[in-house]
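S.K.: Listed below are the residues making up each chain.
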Amino acid sequence: MKTLIKINSLLIAFLTLITISCNQGGGESSNGALSSNIAEKVYVAPGERDAQYAFLSGGYSGNLTVYGLPSGRMFKEIPVFSQFPTSGYGYSEETKPMLNTSFGFIPWDDLHHPDISQTNGELDGRWIFANGNNTPRIARISLSTFETEEIIEVPNSAGNHSSSFITENTEYVVAGTRFSVPVPQRDMPIKEYKSNFKGALTFIAVEPEHGHLDIKFQLLMPGFNYDLSHPGRGKSHGWFFFSTYNTEESNTLLEVNASQNDKDFIAAVNWKKIEEYVNNGGGTKMPTNYAHNVYDESTHTATSTMKKEVLTVNPSEIPGAIYFLPTPKSPHGCDVDPSGQYIIGAGKLSADITVHSFDKMIAAIEAENFDGDAYGIPIIKYEDVVAGTVQSGGLGPLHTEFDGRGNAYTTFFISSEVVKWKLGTWEVVDRQPTFYSVGHLMIPGGNSRKPHGKYLVAMNKITKDRYLPTGPEMEHSAQIYDISGEKMQLLYDFPTHGEPHYAAGCDADLIMNNSKKIYRIDENMHPYAIKSPAEGKVVREGNEVHIYMSTIRSHFTPDNIEGIKVGDKVYFHITNHEQDFDVPHGFSMIGQGTSEILVMPGQTKTSLWEPKKVGVWPFYCTDFCSALHQEMQGYIRVSPANSNIELSWSLDE
Amino acid sequence: MKKASILMIIGSALLLGLFIFPLWNIRLGAPQYPDPLGINIHINGLQGESEFDIQNIDGLNHYIGMKTLPKPDDMWEFSVFPKVVLSMVVIGILIGSLGFFGKISSIWFLLWFVVMGILGALGVYDFNLWLVDYGTDLNPNAILKLVNPDGSPMKYNPPLIGHKKLLNFDAFSYPRLGGIFLGIGMLLSLTGYFIGRKTTVNSN
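Protein sequences appear in the order of chains Z and W.
The opening position of the first sequence corresponds to residue 1341 in this note's numbering, with each subsequent residue numbered one higher.
The opening position of the second sequence corresponds to residue 3 in this note's numbering, with each subsequent residue numbered one higher.
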């Protein structure tokens, strides 16, 4: 047990360490990264391509960013949970439904933990999943179009943080709640949190062919905070592990009150057993309300469906499916090594890393050797499950990844470093400072049976002086280390967008050859698409006007339209007739209360304009599409609401 | 003579390759086209090297006022050439077979070669006429009207064979597998003639 005084002295120690590491940092980096052999390791010559992809969470940007390793160059920002004017995502009529929730249209979220789909425990490069932390949602992003294809809201959850990790054949993407809440939600005193609030762990089935998401069941756990999670793999496939804190079940001043227990738990969940139970009719259907949004590549359109029911499972219904593994000091990271044998709990208020053994856990369960229970869930004795502890010499361990060569790499936030240690012997073999206060780290494939372990990317929470100053607010900073040798070698710094919480990466070969270049116009099933410019037309339905418009270098068809009136709702349905790689056309209308849209070759997108003023108003292409781009424009005549001017449209008449 | 006749038969049969593989290829590369655009010229029509190359070449050519690339129905050549080639194959195999059974001398092989050579030369002449027309008969309302330093309008016909710089594009024009089959087939018929003549002389 700790006292407040101890915590205070610990905090002072933290601050001192941060200051020390800052000072050390500046000096070492200027010596190390300038030597020429290091420069060669990150230099990707013009026209050459990177060896690996890295997908970095954008945190509060709500987006996912795509980088190359080892160059650290950013290739794309993929909008997921946030409106994105660059492409019109969340602004176009087709993509607005993607951001629908039971709370209505939510234009933003906090994107945390990307995870690439797997087959037999190895990355297969088909999709990448990500979680929205604030308004709980899980997204699936295609790795052939690099577009968000599906978002499912997670009911009964709040602070969707121990998410979106997948099982080793992408059977499930798992979403655990960080904040426990009343389930179902109701008006009740906050002080009655203890034993009344629940923590929902949600298993979302992934349909194998198209990746469609469907909530299979929700496990309603005791009201702890479920912080992070990872799947079992290999021998432990079928289990899922969740770190917890606030097993004290405090509802106020958690920084003190949730740090009282010397040990919290890692929850080991035998999802195969629960899956069998629900397949045989187990569980309780609970009325609820959540959105399921699916983007269809052939219609280029998303639809949002409200779902009204979720299958819940109470742990007491299914004894033998869930166990608690005591883990010291409010564990944060909960990582599983490539063999599936070791479950690493990083006690974030500690110097040491606790490693549990899957074999020991199974033995203890078989021996029924328990240290009591919590809400009916058996607690395995700490000594019976722990495989070892890493005496790190650092402070504040957070996350661990693996290189597939028997080594683990753990980030230390407070002591601002990455520590390399050996699985099995638990000895520390190397440590390198980070700049500064590292959160997550990522080794491509480092969360799978087969890491692609050449580089390590450390994602730092504090940037300070790493780049030219840009005022009080600046981007976060990542560092690339070469981990192919015995010692880690710092190669490069690069700024990241938003706040990266975790990342996923893989060899470029896994994805690059499947990346789509264009959408085929002959496969475009959008209801307002036109297959040739000759089909361009304008149709009035009451005060709604639908403009069927095409683009090709470099004109709109039609480009002169009359007969629009003040008060109309004008829908521009724009089909890009290009079938050439990297020739999008954009569209924007003066005074339009939305963003431009960027239409890819073969695609149709719709932009809404509600004209408010009489006049002749121009629109233009927003993407420099050709030498005649500046000529790519048109006019719309807007007449008074009571005018009799007939609709007409033309091109070159 | 049997060996010579077999060469004649194989040689003329090789022309059938023209029905599968392109005769010729014109490829256009530019800095912003790291994957070049290409036209495969078959005896019965034009095909893009990649699916949308024809459309994309037409899209670029409209800036300088070039006509769109011809569809099979737009040019008589695409219906006549297959008939001519097929006739020459049938005649070649017939001549070869007759030679095999000793009915005719190898002078017929030479005759076939010469006729094929004349037809080929006419084909190349016709192809060049089309290239020149395509590259010089420009729409007067073209978006880009470029002139040479001497003030004459710029011509955009790709080379008959080899490389030529067309504005930002490098144009390459070379025979493809069908054309190579044609060349080898003709060489075999000529070889057949020489071997046939030699064996006839010797046996006499």
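Note that these hints are calculated values from the structure, not bench results.
Bear in mind that the values here come from a model prediction, so they are computed numbers and not experimental data.
Please note: incorrect hints may appear among the correct ones.
A few chain Z residues that don't get close to chain W, going by computed Cβ distances all over 12 angstroms [claimed, not checked]:
{"id": "1", "residue": "Pro1425"}
{"id": "2", "residue": "Arg1893"}
{"id": "3", "residue": "Lys1909"}
{"id": "4", "residue": "Pro1941"}
{"id": "5", "residue": "Gly1942"}
{"id": "6", "residue": "Ala1967"}
Across the chosen pairs, the derived CB separations fall in these ranges [to be verified]:
{"id": "7", "chain 1": "W", "residue 1": "Met156", "chain 2": "Z", "residue 2": "Lys1856", "range": "29 to 39 angstroms"}
{"id": "8", "chain 1": "Z", "residue 1": "Pro1447", "chain 2": "W", "residue 2": "Leu162", "range": "19 to 29 angstroms"}
{"id": "9", "chain 1": "Z", "residue 1": "Tyr1807", "chain 2": "W", "residue 2": "Met156", "range": "45 to 55 angstroms"}
{"id": "10", "chain 1": "W", "residue 1": "Leu169", "chain 2": "Z", "residue 2": "Ala1379", "range": "52 to 62 angstroms"}
{"id": "11", "chain 1": "Z", "residue 1": "Lys1856", "chain 2": "W", "residue 2": "Leu179", "range": "24 to 34 angstroms"}
{"id": "12", "chain 1": "Z", "residue 1": "Glu1547", "chain 2": "W", "residue 2": "Glu53", "range": "47 to 57 angstroms"}
{"id": "13", "chain 1": "W", "residue 1": "Lys167", "chain 2": "Z", "residue 2": "Ala1379", "range": "30 to 40 angstroms"}
{"id": "14", "chain 1": "Z", "residue 1": "Pro1447", "chain 2": "W", "residue 2": "Ser81", "range": "51 to 61 angstroms"}
{"id": "15", "chain 1": "W", "residue 1": "Leu169", "chain 2": "Z", "residue 2": "Lys1952", "range": "38 to 48 angstroms"}
{"id": "16", "chain 1": "Z", "residue 1": "Ala1874", "chain 2": "W", "residue 2": "Glu53", "range": "16 to 26 angstroms"}
{"id": "17", "chain 1": "W", "residue 1": "His165", "chain 2": "Z", "residue 2": "Pro1447", "range": "26 to 36 angstroms"}
{"id": "18", "chain 1": "W", "residue 1": "Asn143", "chain 2": "Z", "residue 2": "Ser1872", "range": "20 to 30 angstroms"}
{"id": "19", "chain 1": "W", "residue 1": "Pro142", "chain 2": "Z", "residue 2": "Leu1987", "range": "26 to 36 angstroms"}
The beta carbon of each residue, even a glycine, is placed where N, CA and C say it ideally should be.
S.K.: Work down the list of hints and note, for each, if the structure agrees.
M.R.: Hint check results:
1. Pro1425: 26 angstroms, holds
2. Arg1893: At roughly 6 angstroms from the nearest Cβ of chain W, Arg1893(Z) sits no farther out than 12 angstroms, so the non-interface label is violated.
3. Lys1909: 33 angstroms, holds
4. Pro1941: Non-interface label fails for Pro1941(Z): nearest chain W Cβ at 9 angstroms, not farther than 12 angstroms.
5. Gly1942: At about 10 angstroms from chain W, Gly1942(Z) fails to clear the 12 angstroms cut-off, so the statement is violated.
6. Ala1967: 7 angstroms, violated
7. Met156(W) with Lys1856(Z): 29 to 39 angstroms: 37 angstroms, holds
8. Pro1447(Z) with Leu162(W): 19 to 29 angstroms: Distance hint for Pro1447(Z), Leu162(W) is violated at roughly 60 angstroms.
9. Tyr1807(Z) with Met156(W): 45 to 55 angstroms: Check passed, 49 angstroms falls within 45 to 55 angstroms.
10. Leu169(W) with Ala1379(Z): 52 to 62 angstroms: 38 angstroms, violated
11. Lys1856(Z) with Leu179(W): 24 to 34 angstroms: 30 angstroms, holds
12. Glu1547(Z) with Glu53(W): 47 to 57 angstroms: Roughly 30 angstroms apart at Cβ, these two residues miss the hinted range, so it is violated.
13. Lys167(W) with Ala1379(Z): 30 to 40 angstroms: Since Lys167(W) and Ala1379(Z) have Cβ atoms about 37 angstroms apart, the given range 30 to 40 angstroms holds.
14. Pro1447(Z) with Ser81(W): 51 to 61 angstroms: Holds, at about 60 angstroms.
15. Leu169(W) with Lys1952(Z): 38 to 48 angstroms: At 46 angstroms between Cβs, range holds.
16. Ala1874(Z) with Glu53(W): 16 to 26 angstroms: Holds: the Cβ-Cβ distance is about 22 angstroms, inside 16 to 26 angstroms.
17. His165(W) with Pro1447(Z): 26 to 36 angstroms: 54 angstroms, violated
18. Asn143(W) with Ser1872(Z): 20 to 30 angstroms: 22 angstroms, holds
19. Pro142(W) with Leu1987(Z): 26 to 36 angstroms: 34 angstroms, holds
Comparing the model with each numbered hint stated earlier shows that hints 2, 4, 5, 6, 8, 10, 12, 17 do not hold.
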